[in-house]
Amino acid sequence: MEFIVEEGKHLNNDCSTLVLPALSIGNVGQLAVDLLISSTRTERIGYLDDPYVLPCVGNDAYGPIPRGEVALPLEGELLNPSLGFLLRFCLYAVKFME
Numbered sequence: 001m002e003f004i005v006e007e008g009k010h011l012n013n014d015c016s017t018l019v020l021p022a023l024s025i026g027n028v029g030q031l032a033v034d035l036l037i038s039s040t041r042t043e044r045i046g047y048l049d050d051p052y053v054l055p056c057v058g059n060d061a062y063g064p065i066p067r068g069e070v071a072l073p074l075e076g077e078l079l080n081p082s083l084g085f086l087l088r089f090c091l092y093a094v095k096f097m098e
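Numbering (our numbering), first residue to last: 1 to 98.
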């Protein structure tokens, strides 16, 4: 699995905490992380890429106003440095039609 940093961004080596919610009934882990993101200032820094993760996109749920931007299922975000350099990855469950 490779982490790809977006153009013009950099990964701070001081990141010491990884928040990786588990997929669960009701998506409680993802909702808790979404609340953390929406209540703090976050900056997307990149995403994970792996040949075994199906590429898909969806609406970017973190903006206060829908702007038509898309989000990847494996994204990395660097939260406000005052929170202790929290690096977060979130894997969203995707339902596929058969």
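Please keep in mind that the hints were generated in silico from the structure rather than gathered at the bench.
Even glycine gets a Cβ: it sits at the ideal position worked out from N, Cα and C.
Incorrect hints may have been included.
Restraint ranges, calculated between C-beta atoms of paired labels, are given here [to be verified]:
hint : residue 1 : residue 2 : range
1    : Gly8      : Thr40     : 17 to 23 Å
2    : Asp34     : Leu11     : 20 to 26 Å
3    : Phe3      : Gly29     : 19 to 25 Å
4    : Gly8      : Val28     : 20 to 26 Å
5    : Leu48     : Ser24     : 27 to 33 Å
6    : Ile4      : Gly26     : 18 to 24 Å
7    : Ile25     : Ile4      : 19 to 25 Å
8    : Val5      : Ile25     : 22 to 28 Å
9    : Ala22     : Tyr52     : 26 to 32 Å
10   : Gly8      : Ala32     : 19 to 25 Å
11   : Leu48     : Gly8      : 23 to 29 Å
Hints versus structure:
{"no.": "1", "hint": "Gly8 / Thr40: 17 to 23 Å", "result": "holds (21 Å)"}
{"no.": "2", "hint": "Asp34 / Leu11: 20 to 26 Å", "result": "holds (22 Å)"}
{"no.": "3", "hint": "Phe3 / Gly29: 19 to 25 Å", "result": "holds (21 Å)"}
{"no.": "4", "hint": "Gly8 / Val28: 20 to 26 Å", "result": "violated (34 Å)"}
{"no.": "5", "hint": "Leu48 / Ser24: 27 to 33 Å", "result": "violated (20 Å)"}
{"no.": "6", "hint": "Ile4 / Gly26: 18 to 24 Å", "result": "violated (30 Å)"}
{"no.": "7", "hint": "Ile25 / Ile4: 19 to 25 Å", "result": "violated (31 Å)"}
{"no.": "8", "hint": "Val5 / Ile25: 22 to 28 Å", "result": "violated (33 Å)"}
{"no.": "9", "hint": "Ala22 / Tyr52: 26 to 32 Å", "result": "violated (18 Å)"}
{"no.": "10", "hint": "Gly8 / Ala32: 19 to 25 Å", "result": "violated (30 Å)"}
{"no.": "11", "hint": "Leu48 / Gly8: 23 to 29 Å", "result": "violated (19 Å)"}
Comparing the model with each earlier hint shows violations of hints 4, 5, 6, 7, 8, 9, 10 and 11; every other hint is respected.
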